[in-house]
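Residue numbers (my numbering), protein chains in the order written: chain A, 1042 to 1423; chain B, 1042 to 1423.
You may find that some hints are simply not true.
Each pair may be met inside one copy or between any two copies, as identical chains are not told apart.
The list that follows gives simulated cross-link-like pairs (lysine to aspartate or glutamate, DMTMM-like), each with its CA atoms no further than 25 Å apart [stated by the list, open to error]: (1) K1223 / E1349; (2) K1056 / E1170; (3) K1057 / E1170; (4) K1057 / D1044.
No lab work stands behind these hints: they were computed from the structure.
Number of protein chains: 2
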Amino acid sequence: MRDVSVIGTSQLPVKKRCERSIRTLGADVVRAALNDAGLERVDALYVSNMLSDELQSQKHVAALVADEAGLAGVEALQVRAATASGAAALRVAYMAVSSGLVETAVVVGVEKMSDLIPTPALAKALDAEREAPDGATLISQNALAMRLYMERYNVSADAFTHFAVNAHRNARQNPNAIFREKAVTADMVRASRPIVPPIRLYDCAPICDGAAAVVLAPTARATQFSDTPVRILAATGATDRFRLSDRSDPLQLQASHLSAAQAFQEADIERSAVDFFELHDAFSIMSCLQLEAVGFATPGCGWQLAEEGAIALNGRIPIATMGGLKARGHPIGATAVYQTCEIVQQLTGRAGPNQLTDPHIAMLQSIGGAATTVFTFLFGGA
Amino acid sequence: MRDVSVIGTSQLPVKKRCERSIRTLGADVVRAALNDAGLERVDALYVSNMLSDELQSQKHVAALVADEAGLAGVEALQVRAATASGAAALRVAYMAVSSGLVETAVVVGVEKMSDLIPTPALAKALDAEREAPDGATLISQNALAMRLYMERYNVSADAFTHFAVNAHRNARQNPNAIFREKAVTADMVRASRPIVPPIRLYDCAPICDGAAAVVLAPTARATQFSDTPVRILAATGATDRFRLSDRSDPLQLQASHLSAAQAFQEADIERSAVDFFELHDAFSIMSCLQLEAVGFATPGCGWQLAEEGAIALNGRIPIATMGGLKARGHPIGATAVYQTCEIVQQLTGRAGPNQLTDPHIAMLQSIGGAATTVFTFLFGGA
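Please put together the full structure from these sequences, using the hints given.
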């Protein structure tokens, strides 16, 4: 096993609707990321996408994007883990380059949710035999967890308000974010319409289109390609019991906890060394539960980090520094690749107005389904 | 990078219809393969499946199978490359164990095509914007290639007859094959009804259900788990231009040729060292073109290997030794995992009545779409 670094990145602005097709969106970011790394070709192309089967009638995305990007010949495959697909693809690319079997790899996440109503396809992240027939969807499972949290810890839905406020504040100065226009206040969040109670509009990430790509190479060669490579210190994945109802405690995200603990061990660093945390804020309850599962807050207290401003850019553990899933946007299969691009921006001092002060270690966590699958990454240094 | 071996296998009999669900079929072969390797748990579970999005409303298969197999906690993800998905998953598992990041991994392929008519979902392996709107399907693209072959080399459809005869003969004594009852003669193949001309019924692999699993471990530790481990000597992937019509010669399978050449280089062996070849005989034209692309026959002469009996169990280059996709069956996402299990059977002397005489080196090739994606593997020794 050898060390692996990110040597190039590219992201398209997340939009409510991109006019171009997934082949073009994907190929564009692949070319741009290769260009960023000063590469003409790569050895492998790993694609992440969740919804193209239903929304674009396309089940062979990797070869399609490879061809459109002018890379026909290259090894290409698709990696999936429901809503954590981008992180799963990054994990595979990390293993590929780490093994020495692949020298350079591009990970491209692309999702176009605007072609059809994506909700039925998204619900297929759940158990089709034992959850979906009851009408369960990703949002209803998150609503279940949020209600249980509110009951157990005796807090109202308002406790989660500042996750959205923070994300929207950070998105405003990110040119790739979907929500940049409007300042979002705590009052607006609290007054927003119920979606699946207790989840309100501002507790949810939006449906959107986007594509992002990152290029990986062995750390030993990284400075040949980039003046500012960023090292992947750890990449881990874990699962929980599939259904919330099968878990002894649905508020303890075991896969989040386990993959984070393994990542800290793999990188040989303490949690306290993490300077910021790009987490999976598809729903505000998940931000709260991840902060608790990883250990940044004790159970029942995750929301207080938002309330107190500890998650802000100048706080103790900044999250969603470029807007997060909530306000940069959550084009599913592309999301964790966007997060990786943003981590590279932060660690290399290119985060613009949202730049953190001298961050060294970043954590990324991506969730598949109702916290059934979780991948965790640590990034840092050159 | 370290050497990787197969230390356990399991396959369910391929059937026209299995009553159980994909979670159960997948979990059963995972448990059986772990049992074969004497393992209770593994570090990672890589799933291959192509059609569950449409046929089972399930987009989170890896975690679902992991949970059902009692492996919750384990890293789990799904790998896809259309009809080559099983091979793509095996490639990922190979890289994972080779890297040292994963010690033991199970690859499980599961496909249940009987729940709905699978043809529309299968056609999504093609280009949804530029091929499918014309009514193109996987079979029509293969028919195009077959017609072109017949015209260029001035042969009739009868030239392909013995691919089916050979596959069916070999399936009859494989307890896991879907077609075991009936002896299939050349006359039957020639008289079979046209599907998409010039492709006839016996030129096509059947629609079916199945699941298979293999367990991988570092070669250095393989004999701890198995008395007869089988080493993976090479694992490579390549792509071609996506559409047949974009290729300078649709009868030259570039991805097949390229991935095979890379595999020979990686394993440092000559083509002549290959004792048998489990190829992707979803359509008889593909058997012919692969034999030519890899170099077992010159262009225009692949069918002669079938005619002359060179592909038979006692021939120069046996193919489909346990029935192949044509007659063992082609439960898409599981197919290359079945092929791996059969290669292990042959190399360890457990192929029953179909046992080859002392084979040392096996080749596996799996095709995604219209030969757009190809993965090649070489196996051999301990």
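Hint-by-hint comparison with the structure:
1. Proximity of K1223 to E1349 under the C-alpha cut-off of 25 Å is restricted to the intra-copy arrangement: shortest distance 22 Å within a copy versus 74 Å between copies.
2. Taking identical chains as interchangeable, the C-alpha atoms of K1056 and E1170 lie at most 25 Å apart only when they sit on different chains, with a minimum of 22 Å there against 34 Å within one chain.
3. Taking the shortest Cα distances, K1057 and E1170 sit within 25 Å of each other only across copies (22 Å), while inside one copy they are farther apart (32 Å).
4. Taking identical chains as interchangeable, the C-alpha atoms of K1057 and D1044 are never at most 25 Å apart, the minima being 37 Å within one chain and 47 Å between chains.
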